[in-house]
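J.: Chain by chain, the residues run as shown.
Number of protein chains: 2
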Amino acid sequence: MDVGALNALGYEDFLNIFGNIVEKCPLITAAVWSKRPFANMPALETAFYEFIDALPDSKEGILRCHPDLAGRDLQSGTLTPESREEQARAGLDALSSDEVSLMAQLNQDYKRRFEFPFVICAKMNDKATILRQLLERVGKDRSEERARGIEEVKKI
Amino acid sequence: MDVGALNALGYEDFLNIFGNIVEKCPLITAAVWSKRPFANMPALETAFYEFIDALPDSKEGILRCHPDLAGRDLQSGTLTPESREEQARAGLDALSSDEVSLMAQLNQDYKRRFEFPFVICAKMNDKATILRQLLERVGKDRSEERARGIEEVKKI
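Chains as they are written, first to last, in the numbering used here: chain A, 1 to 156; chain B, 1 to 156.
Because the hints were derived from the structure by calculation, they are not lab data.
Just so it is clear, CB atoms sit at the ideal spot from N, CA and C, and this is done for glycine as well.
Hints may be right or wrong, so weigh each one.
Here are the simulated distance ranges between beta carbons [said to hold, decoys possible]: (1) B:76 x A:75: 25 to 33 Å; (2) B:139 x A:75: 46 to 54 Å; (3) A:16 x B:100: 16 to 24 Å; (4) B:124 x A:9: 31 to 39 Å; (5) B:7 x A:140: 25 to 33 Å; (6) B:38 x A:7: 52 to 60 Å; (7) A:93 x B:16: 17 to 25 Å; (8) A:100 x B:76: 46 to 54 Å.
Residues from chain B that face chain A, not an exhaustive set, calculated with beta carbons under 10 Å [as the list claims (entries may be wrong)]: (9) 14; (10) 58; (11) 135; (12) 139.
Within a straight-line C-alpha distance of at most 25 Å, the following computed DSS-like cross-link-like pairs (lysine-lysine) qualify [as the list claims (entries may be wrong)]: (13) A:140 x B:35; (14) A:35 x B:111; (15) B:59 x A:35; (16) A:140 x A:123; (17) A:155 x A:127; (18) B:111 x A:59; (19) B:35 x B:154; (20) A:154 x A:140; (21) B:35 x A:111; (22) B:154 x B:127; (23) A:59 x A:111; (24) A:155 x A:59; (25) A:59 x B:59; (26) B:154 x A:154; (27) B:35 x A:35.
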């Protein structure tokens, strides 16, 4: 999309196209629309980053809107199309039942410890690195993991 | 629900129950969960209000996540269950075709002028007062309408 067309979008079309840039958070997209005109597509990306960084209290909220990797939503087909494609690309839709159990256990440990889910940019990782990261990050401290999760959201 | 059960909810159950308190903004619910324990149910409501008031930049974003009243989403059945029930209770699912056209025209005028949709707490109004309010509020100024819209979101 060229930047002229981007800046000409009404907020409803803008929401239809970019509403799921941050999982289940069209609120962020709807607020970013106010920042038009954008100089170029990277400027749109920057506007999302700046908005997320400026949120005082809700960074953990953003993480909690993300589904478990290889979790119930993937099994039951209730993921957003964006998440399904991303998890499939990382091979998470073709795990053995042992791998599914291991992921589920680690996700649960992680959530019990941090009170938000493990978030990683699946499209930049495969299932082996995702499992390794999950094993490693479940031992970190909470503020470090919150910041790390938000950085992963930006990559997504 | 008693307050002990409320405070015992994990964030996933909390999101399942309260995720649509603010239309399409589970981010807000997910952030408010951090404020546990709540002294009582009104304290939960207050936590939502305080969070909305503290959002620096995204108040218009909240409004833009709301569907048009008696609009396309109602006609096509793509409203959230909460919104459908609310609009039905105000009689907005049983308008004549003239009334549908008038609402559509006024909604469009309103959005063109303010860059966010007309939001009113439908369950506290019937179709006659909603139409009257829409006619009146489309002539107000932008900052007044933004504040008014947010107050209506809180009533919803």
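J.: All hints are to be evaluated individually against the structure, with a verdict given for each.
T.: Hint-by-hint comparison with the structure:
1. B:76 x A:75: 25 to 33 Å: holds (29 Å)
2. B:139 x A:75: 46 to 54 Å: About 52 Å separates the Cβ atoms of residue 139 (chain B) and residue 75 (chain A), which means 46 to 54 Å holds.
3. A:16 x B:100: 16 to 24 Å: About 22 Å separates the Cβ atoms of residue 16 (chain A) and residue 100 (chain B), which means 16 to 24 Å holds.
4. B:124 x A:9: 31 to 39 Å: 33 Å Cβ-Cβ, so the 31 to 39 Å window holds.
5. B:7 x A:140: 25 to 33 Å: Given a distance of about 27 Å, which is inside 25 to 33 Å, the answer is holds.
6. B:38 x A:7: 52 to 60 Å: violated (43 Å)
7. A:93 x B:16: 17 to 25 Å: holds (24 Å)
8. A:100 x B:76: 46 to 54 Å: violated (37 Å)
9. 14: Result: holds, 9 Å to nearest chain A Cβ.
10. 58: holds (4 Å)
11. 135: violated (22 Å)
12. 139: violated (21 Å)
13. A:140 x B:35: holds (23 Å)
14. A:35 x B:111: holds (17 Å)
15. B:59 x A:35: holds (13 Å)
16. A:140 x A:123: holds (23 Å)
17. A:155 x A:127: holds (17 Å)
18. B:111 x A:59: violated (30 Å)
19. B:35 x B:154: holds (18 Å)
20. A:154 x A:140: Within the cut-off at roughly 20 Å; holds.
21. B:35 x A:111: Since the Cα atoms of residue 35 (chain B) and residue 111 (chain A) sit roughly 17 Å apart, the hinted pair holds (cutoff 25 Å).
22. B:154 x B:127: Satisfied, since the Cα-Cα distance of roughly 20 Å is no more than 25 Å.
23. A:59 x A:111: It holds: about 15 Å lies between the C-alpha atoms, which stays within 25 Å.
24. A:155 x A:59: Satisfied, since the Cα-Cα distance of roughly 15 Å is no more than 25 Å.
25. A:59 x B:59: The given pair, whose Cα atoms are some 17 Å apart, holds under the 25 Å limit.
26. B:154 x A:154: violated (30 Å)
27. B:35 x A:35: Roughly 30 Å separates the two Cα atoms, so the pair is violated.
Comparing the model with each earlier hint shows violations of hints 6, 8, 11, 12, 18, 26 and 27; every other hint is respected.
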